[in-house]
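Chemist: Sequence:
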Amino acid sequence: MRRFPASFWGAVLFLLIAAPLQVFGTPASGSAEPPPGFESRFVQANGVRLHFVVGGKGPPLLLIHGWPETWYEWRRMLPRLAERFTVVAPDLRGFGDSELAASGYDKKTLAQDMHALMASLGYRSAVVAGHDWGAPVAYAYAAQHRDEVSKLIMIEGAPFGPWMADTNPMWFFDFLRIPGYAESVVDGGREAAFLRFFYDNEAMHAVPGSFDEATIGIYTRGFERPGRMGPSYGLYRTIDRDVADNAEFAKRPLSIPILAVGADKGNGALIENNSRRVGNRVSAVLFRNTGHFIPEERPDALVDTLSKFVDGETLDPEWRP
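Once you know that position 132 of the sequence shown is 132 in the UniProt record's numbering, the rest is easy, because the numbers rise by one and skip nothing.
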């Protein structure tokens with residue numbers, strides 16, 4: 001039987017006893033608004049109603065968010081990226097303002113959602129980038145539509161496969177995967193307390209101050225809505241299916257340029273190592289003094305890095321943002 005670390009039981013004890021007594025300040029008023037030059041839209045894609053923000057002009061760039069976030073994680077990057085790209089930043093099914101779905105949280109299906117969204121906008125080729133769980137979704141997109149992704153960017157996330165059999169996951173992977181358990185501990189008023197544990201740099205080593213109260217409020221209020229934690233569990237409970245899908249995809253390594261972006265206080269070199277399992281043309285960058293949430297912590301440096309890669313500049317392995 002797998003043993004959970006002390007940090008796991010500490011978090012559970014906090015949720016069961018302390019969290020109901022905590023007051024985390026007044027939530028910011030209003031919902032997340034797109035930055036100037038961007039607009040919020042909805043589209044029916046792959047059987048679900050997806051929300052996304054879009055703006056800018058130029059070749060399309062698809063940005064796929066991670067957990068526990070929404071399109072809003074890219075907000076600080078959008079204005080600069082819009083100077084040279086038409087940027088599409090969606091909410092995955094079940095997240096943000098996208099429609100809830102009872103299933104379909106495996107990364108292969110989520111990638112098909114993203115592909116249907118881009119097709120509805122008339123795009124047949126794009127640069128595709130993903131952070132955290134958005135990275136394996138981006139990979140599944142490229143693996144299923146090889147002629148429609150010009151370049152792939154995976155930020156602090158990479159596809160799960162048999163090659164990760166010896167990797168020791170963080171405690172919350174197992175916690176969220178146990179059917180019914182996370183629901184009994186987290187749901188029903190403890191969502192914000194649980195999520196704050198990740199935003200407040202305890203679990204993900206985020207640079208202090210990266211998440212202000214307004215930002216945390218925007219994220220947590222979304223997850224506090226009835227049923228909105230379910231997709232979070234779905235991302236983790238489909239890992240076995242993801243492993244099987246990625247093992248099949250990896251039989252044909254990607255030939256497009258891939259950028260693997262890690263953080264020294266996050267997943268580090270794991271991103272590069274796993275990316276090399278699925279592609280033949282991998283460049284890698286490791287952010288220094290940075291945690292898992294690079295788009296929140298180092299948005300300008302990340303825009304610079306992505307721009308260099310898209311422009312075809314050689315990224316020196318010794319260069320560190």
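Honestly, the hints are just simulated from the structure, not real lab data. It is possible that part of the hints are untrue.
[What the hints assert, rightly or not] Simulated crosslink set (DSS-like; lysine-lysine; CA at most 25 angstroms straight-line):
1) 57 with 265
2) 265 with 308
3) 151 with 251
4) 251 with 57
5) 151 with 57
[Said to hold, decoys possible] Pair ranges (Cβ atoms, derived):
6) 40 with 83: 14 to 22 angstroms
7) 124 with 83: 18 to 26 angstroms
8) 200 with 120: 22 to 30 angstroms
9) 312 with 36: 26 to 34 angstroms
10) 270 with 102: 26 to 34 angstroms
Quick reminder that beta carbons are idealized off the backbone N, C-alpha and C, glycines included.
Chemist: Does each hint fit the structure? Answer for all of them.
Modeler: Cross-check of the supplied hints:
1. 57 with 265: Not satisfied, since the Cα-Cα distance of roughly 34 angstroms exceeds 25 angstroms.
2. 265 with 308: holds (23 angstroms)
3. 151 with 251: holds (19 angstroms)
4. 251 with 57: violated (36 angstroms)
5. 151 with 57: holds (18 angstroms)
6. 40 with 83: 14 to 22 angstroms: Holds, since residue 40 and residue 83 (Cβ atoms, about 20 angstroms apart) stay within the stated range.
7. 124 with 83: 18 to 26 angstroms: This hint holds: roughly 23 angstroms between Cβ atoms.
8. 200 with 120: 22 to 30 angstroms: violated (37 angstroms)
9. 312 with 36: 26 to 34 angstroms: Because 30 angstroms falls inside the window, the suggested range holds.
10. 270 with 102: 26 to 34 angstroms: For residue 270 and residue 102 the Cβ distance comes to about 32 angstroms; the hint holds.
Hints 1, 4 and 8 from the list above are not met by this structure, while the remaining hints are.
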